[in-house]
Amino acid sequence: MRYSQVLIPTMKEVPSEAEVISHQLMLRAGFIKKLTSGIYTYLPYGLAAIRRVENIVREEMNRAGAQELSMPMVQPADLWKESGRYEKYGPELLRFKDRHERESCLGPTHEEVITDIARKEMHSYRDLPVNLYQIQTKFRDEIRPRFGLMRGREFIMKDAYSFDVDDEAAEVSYRKMYDAYNRIFERCGLEFRCVEADSGAIGGSFSHEFMVLADTGEDTIAVCNECNWAANLEKAEVKMSDRRAGVEQREMVKVETPGKRKVQSVCEFLGIGPDQLVKTLVLLADGEPVAVMLRGDRELEEVKLKNYLGVTDIRPAEDKEIFDATGVPSGYLGPINSKTRLLADQEVPAMVNLTVGANEKNYHLQNVNFGRDFEVTEVADFRQLTKDDPCPSCGESIRLVEGIEVGHIFKLGTSYSESMNAYYQDRDGNERPLVMGCYGIGVSRVVAAAIEQNHDDNGIIFPVPLAPYQVTVLNLGLNDPEVSAAAERIYGQLNEAGFDTFIDDRDERPGIKFKDADLLGFPFRITVGKRFKEKAMVEIRCRQDGTTEDIGIDDLVSHISSKLAN
RNA sequence: CGGGGCGUAGCGCAGCCUGGUUAGCGCGCCUGCCUUGGGAGCAGGAGGUCGCAGGUUCGAAUCCUGCCGCCCCGACCA
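The opening position of the first sequence corresponds to residue 4 in my numbering, with each subsequent residue numbered one higher.
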């Protein structure tokens, strides 16, 4: 490709709309152009990078036995009503009516459509297993789109759906996708981890997320330093240690704590540590108030609570709502004489002589003990794992890292096939629901994540497999026929040798060409300029490690080949 | 949804508080000269419904009202 003929509008300055580095670089390098909030045009160079990812995904999906198809983006609401998600999905599902007043929506995902196909076309165990996938634009009306392609409203996704005769067979399909995903992200040249995850709105029993490690991930993941356990923090199980034995239970006392409402101020006032205090948080779960007891220095993990309660929406109550629900102003809540449904983190019953709110303004209770002074029947793991907790799998130390979710695989089971009547006949003539799995990859997000993970002050450092062009040739002698001819010859040779080659043949000064080459992230840069005149050599520079070498034209092809080989 | 901020040339911004000629600056763009291994220099030039609509005023980018768009933050707390 010739720079003189392609639209790659690079920018020196950082547009003020971009917060994270991948977004800034994608704008500066002319990958994308925003049309409106969360919706972008993919310009030629950005699209080329997306195609790289798509091709890898496609090859590996096909290799894993999946078949490509393409489903409609506009979907009838009836289908979503059948699965029950028309009500459940929330405002992320963009709904509208067509000219005949038919309710419709834009597909944020395609379980309904694929299940509709399955029930119409898969009637026999002989038809199974089947795995169908597509690579397609999705629309989700995100509350707050941000970070460019990282969380857009419109984005490119590969989604696959498997259908099997039973759980065991579905397990095999799931495993195939698990392996395929590992191959895909390895081939992309990305540093990633596969973690246990929450299955969220899609539903289902079990899921893994594929996370690209980067400093600005939207998720935090916990990783064991010893074994191979890893989990999304939302889901990461806290392993309990019993610490209760042998401590004397003191007599409960009521203390006045005027104006002390926050954990920190109560602790300072009473001269205790936050690990001796238990806070009582009030949340609204699908509108119903729920109180949760948690050690003072712990964080509530809302996803765990949400899953425990089986609700779709959860949020902290505001002060007024707290008072309405409990009759107590926030800051003085406790378990004794609580009027609200009360849950406790598993850690709380193991604590001794704890301090809690007295359910009375300006008073707390000290030396309160579970079993003696109060009971809670609903006890579970509600808190967030910390870096100081042991690995729930092997008990060794863990660390927390940031990750960008680029892939997610789910075992769906039969929830969709049952609600939508997708049954097949088994060998014995019995009707049985199809057992499903679904598997997503955020294709456009992979590009963003790759840049987030691979960049420096000068711009993008593309992993070779994702680079739109592996090598760029800088013609620094546009007005020098000898140099230009050499640059063109090299460009032709490399193309012929099968490299995706770019040539900067613009009438620009050298500095601009160097800067743009760095910004655009070509893995290799060949400079044809004065050194060619002097010594008949050109310079080849590796973007990744910054090494440069002078080399004769005839050695270029073999040199690049060997570089790319490792 | 709540809170905050911003909308002035392709990009980044100033001007607004305290209304008053042709609305500025840097980058980019066009023309010419010059320069040619890390975003050069000189000279000339093009490009603006100052987000939209209404209002106040002799006069509005500037003050007021409404609308639209964009960006950021948000439930560490009981």
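Some hints could be false.
[What the hints assert, rightly or not] With a cut-off of at most 20 Å between alpha-carbon atoms, the simulated EDC-like pairs for lysine to aspartate or glutamate come out as follows:
hint	residue 1	residue 2
1	Lys238	Glu71
2	Lys238	Glu20
3	Lys238	Glu363
4	Lys309	Glu399
5	Lys238	Asp460
6	Lys123	Glu171
7	Lys36	Glu62
8	Lys518	Asp460
9	Lys342	Glu363
10	Lys518	Glu552
11	Lys364	Glu271
Derived from the structure by calculation, the hints contain no laboratory data.
Against the structure, the hints:
1. Between lysine 238 and glutamate 71, the direct Cα distance comes to roughly 32 Å. Violation of the 20 Å bound is thereby established for this hinted pair.
2. As the CA atoms of lysine 238 and glutamate 20 are separated by approximately 33 Å, the hinted pair breaks the 20 Å bound.
3. Annotation: proposed proximity of lysine 238 to glutamate 363 is violated, straight-line Cα distance about 35 Å (limit 20 Å).
4. The straight-line distance between the Cα atoms of lysine 309 and glutamate 399 is roughly 28 Å, outside the 20 Å bound, and the hint therefore fails.
5. With a CA separation close to 35 Å, the supplied pair lysine 238 and aspartate 460 exceeds the 20 Å bound.
6. As the CA atoms of lysine 123 and glutamate 171 are separated by approximately 23 Å, the hinted pair breaks the 20 Å bound.
7. Proposed proximity of lysine 36 and glutamate 62 is contradicted: the alpha carbons are some 29 Å apart, above 20 Å.
8. For the hint pairing lysine 518 with aspartate 460, the CA-to-CA distance comes to about 11 Å; that is within 20 Å, so the pair holds.
9. At roughly 12 Å between alpha-carbon atoms, lysine 342 and glutamate 363 fall within 20 Å of each other, so this suggested pair holds.
10. Restraint check for lysine 518 and glutamate 552: the C-alpha separation of about 19 Å stays at or below 20 Å, so the hint holds.
11. Annotation: proposed proximity of lysine 364 to glutamate 271 holds, straight-line Cα distance about 18 Å (limit 20 Å).
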